[in-house]
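2 protein chains.
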Amino acid sequence: MECLVEHGWSGTTTTVVAARAGVSRGAQLHHYPTKAALVTAAVTHLTERRAVELRTEAAALPAGPRRLDGVVDLLAAAFTGPLFVAALELWVAARTDAELRDALVPLEARVGREMHRLTVELLGVDERRPGVREAVQATLDLLRGLGVANLLSDDSTRRTALLHTWKRQLAALLTPDAGPPTPGSARPH
Amino acid sequence: MECLVEHGWSGTTTTVVAARAGVSRGAQLHHYPTKAALVTAAVTHLTERRAVELRTEAAALPAGPRRLDGVVDLLAAAFTGPLFVAALELWVAARTDAELRDALVPLEARVGREMHRLTVELLGVDERRPGVREAVQATLDLLRGLGVANLLSDDSTRRTALLHTWKRQLAALLTPDAGPPTPGSARPH
Numbered sequence: 001m002e003c004l005v006e007h008g009w010s011g012t013t014t015t016v017v018a019a020r021a022g023v024s025r026g027a028q029l030h031h032y033p034t035k036a037a038l039v040t041a042a043v044t045h046l047t048e049r050r051a052v053e054l055r056t057e058a059a060a061l062p063a064g065p066r067r068l069d070g071v072v073d074l075l076a077a078a079f080t081g082p083l084f085v086a087a088l089e090l091w092v093a094a095r096t097d098a099e100l101r102d103a104l105v106p107l108e109a110r111v112g113r114e115m116h117r118l119t120v121e122l123l124g125v126d127e128r129r130p131g132v133r134e135a136v137q138a139t140l141d142l143l144r145g146l147g148v149a150n151l152l153s154d155d156s157t158r159r160t161a162l163l164h165t166w167k168r169q170l171a172a173l174l175t176p177d178a179g180p181p182t183p184g185s186a187r188p189h
Numbered sequence: 001m002e003c004l005v006e007h008g009w010s011g012t013t014t015t016v017v018a019a020r021a022g023v024s025r026g027a028q029l030h031h032y033p034t035k036a037a038l039v040t041a042a043v044t045h046l047t048e049r050r051a052v053e054l055r056t057e058a059a060a061l062p063a064g065p066r067r068l069d070g071v072v073d074l075l076a077a078a079f080t081g082p083l084f085v086a087a088l089e090l091w092v093a094a095r096t097d098a099e100l101r102d103a104l105v106p107l108e109a110r111v112g113r114e115m116h117r118l119t120v121e122l123l124g125v126d127e128r129r130p131g132v133r134e135a136v137q138a139t140l141d142l143l144r145g146l147g148v149a150n151l152l153s154d155d156s157t158r159r160t161a162l163l164h165t166w167k168r169q170l171a172a173l174l175t176p177d178a179g180p181p182t183p184g185s186a187r188p189h
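Taken in order, these protein sequences are the chains called U and F.
Numbered continuously in the working numbering, the first sequence closes out at residue 189.
Numbered continuously in the working numbering, the second sequence closes out at residue 189.
For the record, the hints were derived by calculation from the structure and aren't laboratory data.
One or more of the hints may lead you astray.
To be verified - Covered stretches of chain U (in silico footprint by chain F; criterion: 3 or more residues with CB under 8 Å from a CB of chain F, positions within the stretch not fixed):
1) 86–93
2) 99–110
3) 137–147
Note that the structure is a prediction, hence the values are computed from the model and not measured.
All C-beta atoms in this analysis are idealised placements derived from N, C-alpha and C, irrespective of residue type, glycine included.
With the rest of the complex left out, here is chain U:
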């Protein structure tokens, strides 16, 4: 993943990775016969580790209404960190690399589902309530967009201001009977 962040997909050769990891080419090829297998295993491993870290960091957040702000900040950090950058290198490379694409498509679906489930858990919300699922999805898609906007230049000032507003909006969407009006649907209250 460090190689992907520093050199990009095309600069990440298995030889460079083996040298950096301090393992022989033989050992590397034994465990990961292809570059696609190697990077897919790395994304899987680091995504799982990141999920554990996010749970630990979220557990340290104070309870109360400001907890949501802290969770959004943790997620925003994940979407602007090195793992996101490395994953984006792979996602873009996979468009034009059939072997990588075949390995990544099922992984993308799984990571997407787990990220969604983790966000629901960290926010402590009930997804069966109308609107909650969509609000969580929009938050993650928004954060992915903000991650891309941060690729070439430091977008943190704009991002902080935008997320400040989004947190209030998300809080309203997640609070029962406090969401925005839904034209065309009858509201019980």
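Dock chain F against chain U, hints included.
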């Protein structure tokens, strides 16, 4: 741009582009001395053309409250189309290519500003009103995130459902005195 979409950044050589464009290498190098100059000019040209097309398509939308839905759909199509894919190839490649990065950073800022201005114009909203600027920004960042989610697999079903909800939310945010509650700020009404 077609080369970028089909072959990615590393597969897009100036030789391949010259052959496809039907121009001599001499003529190409005369106008675009480097690959970075060539692709930057292409992004600039196509972004301007896309803005003209978006204005034309938006002008054909019916007036009334459903106009916002049509504008969001037009923008979503732009963020999942070939120009977005080509731009993303460049943005990611520029992370690890200093020459491309130097060329793209000012372009990214300009395209970002123009996309924002165009969205304000197409939605017919007044950006001096509180919350409007942030709502437009969030819409564009959300659409960028949805564009990335569509890279490797067709995400249109999920995107359509998510945007259905987002359109209602955006309409509420853009309608005076109908936005979500803003804790901690005094409201005049």
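Cross-check of the supplied hints:
1. 86–93: holds (count 5)
2. 99–110: holds (count 5)
3. 137–147: holds (count 10)
When held up to the earlier numbered hints, the structure conflicts with none and fits them all.
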